[in-house]
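In case you want the letters, here they are:
Protein chains: 2
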Amino acid sequence: MSVKINENYLLLQNSYLFIEIARRIDEFQKNNPEVDIIRMGIGDVTKPLTPTVLTAFKKAVVEMGDEKTFMGYGPEQGYPFLIKTIIKNDFEPLGVNLELDEVFISDGSKCDTGNIQEIFDLNNKIAVTDPVYPVYVDTNVMAGRTGHIKDNGMYEGLVYLPCIQENDFVPELPKEKVDIIYLCFPNNPTGTTLNKEQLTKFVEYAKENESIILFDAAYEKFITEDDVPHSIYEIDGAKEVAIEFRSFSKTAGFTGTRCAYTIVPKELKAVDSYGNLQSVNELWNRRQTTKFNGVSYPVQKAAEATFTEEGKKEIMDNIEYYMNNSKIIRESLANIGLNVYGGVNSPYIWVKTPNDMDSWDFFDLLLNEANVVGTPGAGFGSSGEGYLRLTAFNSLENTKEAMKRISELSF
Amino acid sequence: MSVKINENYLLLQNSYLFIEIARRIDEFQKNNPEVDIIRMGIGDVTKPLTPTVLTAFKKAVVEMGDEKTFMGYGPEQGYPFLIKTIIKNDFEPLGVNLELDEVFISDGSKCDTGNIQEIFDLNNKIAVTDPVYPVYVDTNVMAGRTGHIKDNGMYEGLVYLPCIQENDFVPELPKEKVDIIYLCFPNNPTGTTLNKEQLTKFVEYAKENESIILFDAAYEKFITEDDVPHSIYEIDGAKEVAIEFRSFSKTAGFTGTRCAYTIVPKELKAVDSYGNLQSVNELWNRRQTTKFNGVSYPVQKAAEATFTEEGKKEIMDNIEYYMNNSKIIRESLANIGLNVYGGVNSPYIWVKTPNDMDSWDFFDLLLNEANVVGTPGAGFGSSGEGYLRLTAFNSLENTKEAMKRISELSF
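Chain order of the listed sequences is Z and C.
According to numbering that gives the first Met the number 0, the first sequence is numbered sequentially starting from 0.
According to numbering that gives the first Met the number 0, the second sequence is numbered sequentially starting from 0.
Fair warning: there could be bad hints in the mix.
A pair counts as met if it fits within one copy or between any two copies, since identical chains are not told apart.
Claimed, not checked - Cross-link-like lysine-lysine pairs, in silico, DSS-like; alpha carbons within 27 Å at most:
(1) Lys206 with Lys3
(2) Lys83 with Lys351
(3) Lys403 with Lys206
(4) Lys58 with Lys176
(5) Lys57 with Lys311
(6) Lys29 with Lys195
(7) Lys311 with Lys174
(8) Lys311 with Lys58
(9) Lys200 with Lys268
(10) Lys265 with Lys58
(11) Lys3 with Lys268
(12) Lys67 with Lys312
(13) Lys351 with Lys268
(14) Lys67 with Lys29
Simulated from the structure, these hints should not be mistaken for laboratory data.
All chains, full assembly: derive it from the sequences and hints.
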């Protein structure tokens, strides 16, 4: 062949974290077919779509079957009915005003956080927290913004901001000047957050260094503490330096339904090589109109229903259910002397492994001895070594049973 | 700012074709509010989802509301139930055997044909037909595979294969060696096709030149003539040189529902810089698992239903309805002495403008005098100049009325 591949793909690690986890579970289950494994690894919800969402979803499907109400191609950016209700419900109460064309509906934050780097030059310097959601790193590797992976699991050319016990999982500002910073708070995987003062420091850094923050707020609805910003735009001037990603996946149980949204303020500019300011909003709009064709109409109607009074109540009930699980996990593990973090403003609990065990060993121990599946922290980056992520998305019964089993182990 | 944009975006033409069309329609309608415009421009369907599809869609939505049947994250590549039925119905009858992991479900062929170039090196030489679906060109411009656009509307660095009256809209093989060739047959916008012998020449060219063909078969269900291949894999050895894109959009009315699929055979290889063969299937799988999170579960169930016996019948009824419109358009325009092409195996009719009028002038004439909207051929590339595209997706009544109005004009 003479067709050449995008060789950056060869820099990627061979297996995606969750594939290796699935392999180990399969192997264990094959050898122990009678054992009931409780999965607290992958961050997938278990509660079904709520009644109000379901009603709207069904109604929209029925519309698709009638010539008079059938919907063909919609706007690539999403329908105004959904964008309006997002602005009104998610941002206006925070004092954040947005125009309709600053909100882009998509089929998932994974897509948006993965695709956003396309509109920026390859020579921008990128910073990520460590541990980190792998999509931020892998999509930059695939685009060619990194060198090889080093023995410590870090890629040459990326700046890593460790989030560890020693700094209360609050990343320090980059010591060198970086152009683009990925932040996800409430954080996946650590479950910890930044308070307003801490997030303000990042916005100020971005202003001083003329950087852009890519702020993943997929878990904002899980925030329970007052001092934790739900949106980066609660920080003064953040519109000039930040893109925000939000999702219906975890909040409204849309992991299998697929809908998300991304905010690209018009104040946000970047430069071309002549030093001319260019609108990032227009670039993203061009990207989306060229490579994307909008979200399924019934899915957008279902998403809209999450913002009705009844829909909001149902969704908050589900979130409270999950957050009760979070509490049970935190308290049960603390009771047996483990150090646990997160879980207060997030469905993720970040557990320090006992006796400096490495995270895959602790994963194997929990799988083999308690038949509980977590996610090894090392899978999220080298600073995740020595930790394990548990999620609150299982049923209350399973969560309690899992905690009982773990509590019976001796470390 | 010090963040640099992807400057390739500045090479794109300012406005997307359909935005300019919408602008001219809006202006005309504003000045003539009483006029009933018939839109035969954008290739969007008008028939609603069929009853069988609707039933399956609703049933799957209901499943999403019940804890026992709720579906969270699905496979990024799509559910096996849909992949199996695609292989069985679309490919087995053609004698084409595919494995489950050679088929990738997505939310649209626009996404897939736009994203596919990511997995190939930036230095590959790209060929497109002219006229062409703009997404193939624009996504390569955005990636940096071209130079500036020239006065004739062609980008430096791309190879254009003209499809014009003089060659019966059958592109000649590239005169220079190219690495990747985009082909769309039945063609958008010309509505013409390649017969088996003509397509075989491209497969042979690709084998000799070690090229890859990106074959967009979004309109294959509209084929009525025996000698026209429905899949490029009907040609011997094509699995070693071709990726095929298919969609539910035009066939099953999914333009607003969003579902498509892409075939990447395991036989297909490309090279890295050491000359090692690499699996294109594995690259695409990595791309999709990293940047995409699968299609909405109810949408995949709806798509599955298009392959039931009843579903197939309903869909063929819709296609026959549209193809009857095609016939009416072709015959009406031929009757008044216009040269018309396509429309036999496709819902698109490619009309030569009368008296060597340029295509935007003909567009304006039809809009102003007949209140019928087409798509100016020049919008699809310089070889589209002097043509206009009409689509068969309107109602029978509107199609007849549009033809009546055009027939009353004198050219």
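Against the structure, the hints:
{"no.": "1", "hint": "Lys206 with Lys3", "result": "between (40 Å within a copy, 15 Å between copies)"}
{"no.": "2", "hint": "Lys83 with Lys351", "result": "neither (43 Å within a copy, 44 Å between copies)"}
{"no.": "3", "hint": "Lys403 with Lys206", "result": "neither (49 Å within a copy, 62 Å between copies)"}
{"no.": "4", "hint": "Lys58 with Lys176", "result": "neither (51 Å within a copy, 53 Å between copies)"}
{"no.": "5", "hint": "Lys57 with Lys311", "result": "both (18 Å within a copy, 23 Å between copies)"}
{"no.": "6", "hint": "Lys29 with Lys195", "result": "neither (48 Å within a copy, 49 Å between copies)"}
{"no.": "7", "hint": "Lys311 with Lys174", "result": "neither (42 Å within a copy, 61 Å between copies)"}
{"no.": "8", "hint": "Lys311 with Lys58", "result": "both (19 Å within a copy, 24 Å between copies)"}
{"no.": "9", "hint": "Lys200 with Lys268", "result": "within (20 Å within a copy, 48 Å between copies)"}
{"no.": "10", "hint": "Lys265 with Lys58", "result": "neither (35 Å within a copy, 41 Å between copies)"}
{"no.": "11", "hint": "Lys3 with Lys268", "result": "between (34 Å within a copy, 9 Å between copies)"}
{"no.": "12", "hint": "Lys67 with Lys312", "result": "between (33 Å within a copy, 22 Å between copies)"}
{"no.": "13", "hint": "Lys351 with Lys268", "result": "neither (41 Å within a copy, 44 Å between copies)"}
{"no.": "14", "hint": "Lys67 with Lys29", "result": "between (53 Å within a copy, 24 Å between copies)"}
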